[in-house]
Amino acid sequence: MPTIDLAESGLRSLNKQLHDVGEGSNETHWDIINPRGAHAVAVGVNAAIAITIHGSTGYYCAGMNREARIVVQGSVGPGAAENMMSGSVTVMGDASQYAGATGQGGLLVIQGNASSRCGISMKGIDIVVRGNIGHMAAFMGQAGHLVVCGDAGDALGDSVYEAKLFVRGSVKSLGADCIEKPLRAEHLAVLEKLLGQAGITDVKPSEFKRYGSARKLYNFSVDHADAYG
Amino acid sequence: MAEQSAIGAMGEIMCGIVGLFIKDKGLEPHLGQMLSDMLGTMCDRGPDSAGFAVYGGFEDGFSKITVQSSDPAGFVGLADGLADKLGAPVRMTRKDTHAVLRLAANLIPEARAILRLDHPHLCIMGIGDKIEIYKEVGYPTEVAGRFALSAMTGSHGIGHTRMATESAVTTMGAHPFSTGADQCLVHNGSLSNHNNLRRELKRRGMQFETENDTEVAAAYLSQQMEQGLSLGEALGRGLEDLDGFYTFVVGTRNGFGVLRDPIACKPAVLAETDRYVAFGSEYRALVNLPEIETAKVWEPEPATVYFWER
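Chain order of the listed sequences is A and B.
Residues -7 to 221 (our numbering) make up the first sequence, in order.
Residues 11 to 320 (our numbering) make up the second sequence, in order.
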């Protein structure tokens, strides 16, 4: 169980050690201490290991993660879990802007609040936020699920493609081409699964509303041919 | 000293901001040390130049003028000459390229006029009962060292590290900007309507030292407060009139404010305890502050005015 102290070891050395973890390695649990807001902590990990970061981080924490299960015992700066491929990232505190941006897979859990542009251009990632999210969440989201137990800010799901958005609280405003949609049995099942994976037990799937694309913006319509110029 | 190019007026894409507002008087002797530590963590956000404003050293009936001269000869005989003309004592404290002149508060307008006329090579950085402003080209820790920031004391302070992306790296282009007594502003971002706004403010009698967009924001807020608005009200009005990207941190004689534009791309973190309020462009700037582990730490909301006054 290696422990890396970022107060003593450099960031590049830390990330290199994590990148060097081979298949079948016995070093399956890693602790990172004293992150003190450092950028790019545990970026590009490509192994089924567990990593706990003891403290708050800066930009791009756990970006491009593949397979690893990463827990941040604090808050994260902009771009956390950006372009995640698989595995999971759990943030015990808050997340700054564009958490989970462009994520292609895996699960991002934010136990606190997420600020603006959470899940922007998401492409298959699942994101569960225990608190509230800021404006422009899931902007141009293509696939995956965004589950918000609290409230959403302005322009939720602006220009959204096929990402599925669930909000339990209020939505300040919907973005262009984003509409409320019926919550059917299959959506309840998805919510139950994702809430379970996030360890959230005091929130019922039936309390959410579903939002998604009206499909008027991204589908070519011959009636609008003039507008496409 | 104005920057000449219109393009040169653009603000900065990156930059680092730090700010500290002390609530517990017991921390006031450490203000400079704390602010200096915070500024040092933001060097890589703005390695070109740095500046800071510190509010402290109030003496009843006296005010201060901070002046800058790149030529040390500019300070020779300055205080005595000014005192002779005013017929009143002037005390001068020099710090590297800057000097603080302290004189009777009611003589400030006259002193300012004399300085402009007799010492055109001097740049007036700031005027007020409490404010002192220092800014120079150079790596931020080096700039802070030249002015011995860590030894300064006071009730609040604001610092800035600048990464000039489109305009010249000059002393006068560095932040903070001060456009009113005991007022200052630092900025991360760029304003798009500053030329119109500058014309408007000039018509209303505001004076400008540079073509910089940040100075326009500072002058705008000064003008609003001159008309009787509080810092909080002036910032609120700014949301309607200032167009562009910005995170502002503003200081007044007794106040400290933060405002982000509605899009809120420019980073900002606030921390508050019973003893202080602190601002950083990133959490890294706050990690050495006392009791930061138990402080309330949050990202200020877009288009929301935050301000504290004592």
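Among the hints, erroneous ones may be present.
Stated by the list, open to error - Partial list, derived from the structure: chain B residues whose beta carbon lies under 10 Å from chain A: (1) Leu37; (2) Leu296; (3) Glu309.
Stated by the list, open to error - Pairwise CB distance ranges, derived in the manner of DEER restraints: (4) A:Ala206 <-> B:Ser240: 57 to 65 Å; (5) B:Thr314 <-> A:Gly36: 29 to 37 Å; (6) B:Glu303 <-> A:Lys173: 37 to 45 Å; (7) B:Pro39 <-> A:Asp12: 45 to 53 Å; (8) B:Gly238 <-> A:Glu154: 30 to 38 Å; (9) A:Gln9 <-> B:Glu152: 32 to 40 Å; (10) A:Ala42 <-> B:Thr103: 54 to 62 Å; (11) B:Ala161 <-> A:Gln189: 50 to 58 Å.
Said to hold, decoys possible - Partial chain A-side listing against chain B, Cβ under 8 Å, derived: (12) Arg4; (13) Gly29; (14) Ser48; (15) Gly69; (16) Pro70; (17) Asp86; (18) Ser107; (19) His127.
Calculated directly from the structure, the hints in this document are not laboratory data.
In this text, all values refer to a predicted model and were calculated from it rather than measured experimentally.
Virtual Cβ for every residue (Gly too), placed ideally from N, Cα, C.
We went through each hint and held it up to the structure:
Because the beta carbon of Leu37 of chain B sits about 21 Å from the nearest beta carbon in chain A, more than 10 Å, this interface hint is broken. Look at Leu296 of chain B: its Cβ gets to within about 8 Å of chain A, closer than 10 Å, so that hint holds up. At a threshold of 10 Å, the smallest CB-CB gap from Glu309 of chain B to chain A is about 5 Å, leaving the interface hint in force. Between Ala206 of chain A and Ser240 of chain B the beta carbons are some 44 Å apart, a value that contradicts the proposed interval 57 to 65 Å.
Range check, Thr314 of chain B to Gly36 of chain A: about 35 Å between beta-carbon atoms, so the 29 to 37 Å window is met. At roughly 43 Å, the beta-carbon separation of Glu303 of chain B and Lys173 of chain A lies within the given 37 to 45 Å, and the hint holds. Pro39 of chain B and Asp12 of chain A have their C-beta atoms about 48 Å apart, which keeps the hinted 45 to 53 Å range intact. Against the hinted window of 30 to 38 Å, the Cβ-Cβ separation of Gly238 of chain B and Glu154 of chain A comes to about 53 Å, which falls outside the hint.
For the pair Gln9 of chain A and Glu152 of chain B, the supplied restraint of 32 to 40 Å holds, since their beta-carbon distance comes to about 34 Å. At about 57 Å, the CB distance of Ala42 of chain A to Thr103 of chain B agrees with the hint of 54 to 62 Å. Take Ala161 of chain B and Gln189 of chain A: their Cβ atoms lie about 54 Å apart, and the range 50 to 58 Å holds. A least Cβ separation of about 15 Å between Arg4 of chain A and chain B goes past the 8 Å threshold, and the interface hint is therefore violated.
For Gly29 of chain A, the interface hint holds, the least distance from its beta-carbon to any beta-carbon of chain B being 4 Å, beneath 8 Å. About 5 Å separates the beta-carbon of Ser48 of chain A from the nearest beta-carbon of chain B, less than 8 Å, and the hint is met. Contact between Gly69 of chain A and chain B, as hinted, is supported at the beta carbon level, the nearest pair being about 6 Å apart and thus within 8 Å. Interface hint at Pro70 of chain A: satisfied, since its Cβ lies 6 Å from the closest Cβ of chain B, which is below the 8 Å cut-off.
A distance limit of 8 Å between C-beta atoms decides the matter here; for Asp86 of chain A the minimum to chain B is near 7 Å, and the interface restraint holds. For Ser107 of chain A, the shortest C-beta to C-beta distance to chain B is roughly 5 Å, which falls under 8 Å, so the interface hint holds. Hint status for His127 of chain A relative to chain B: holds, with the closest Cβ pair at about 7 Å, below 8 Å.
The earlier numbered hints that this structure contradicts are 1, 4, 8, 12.
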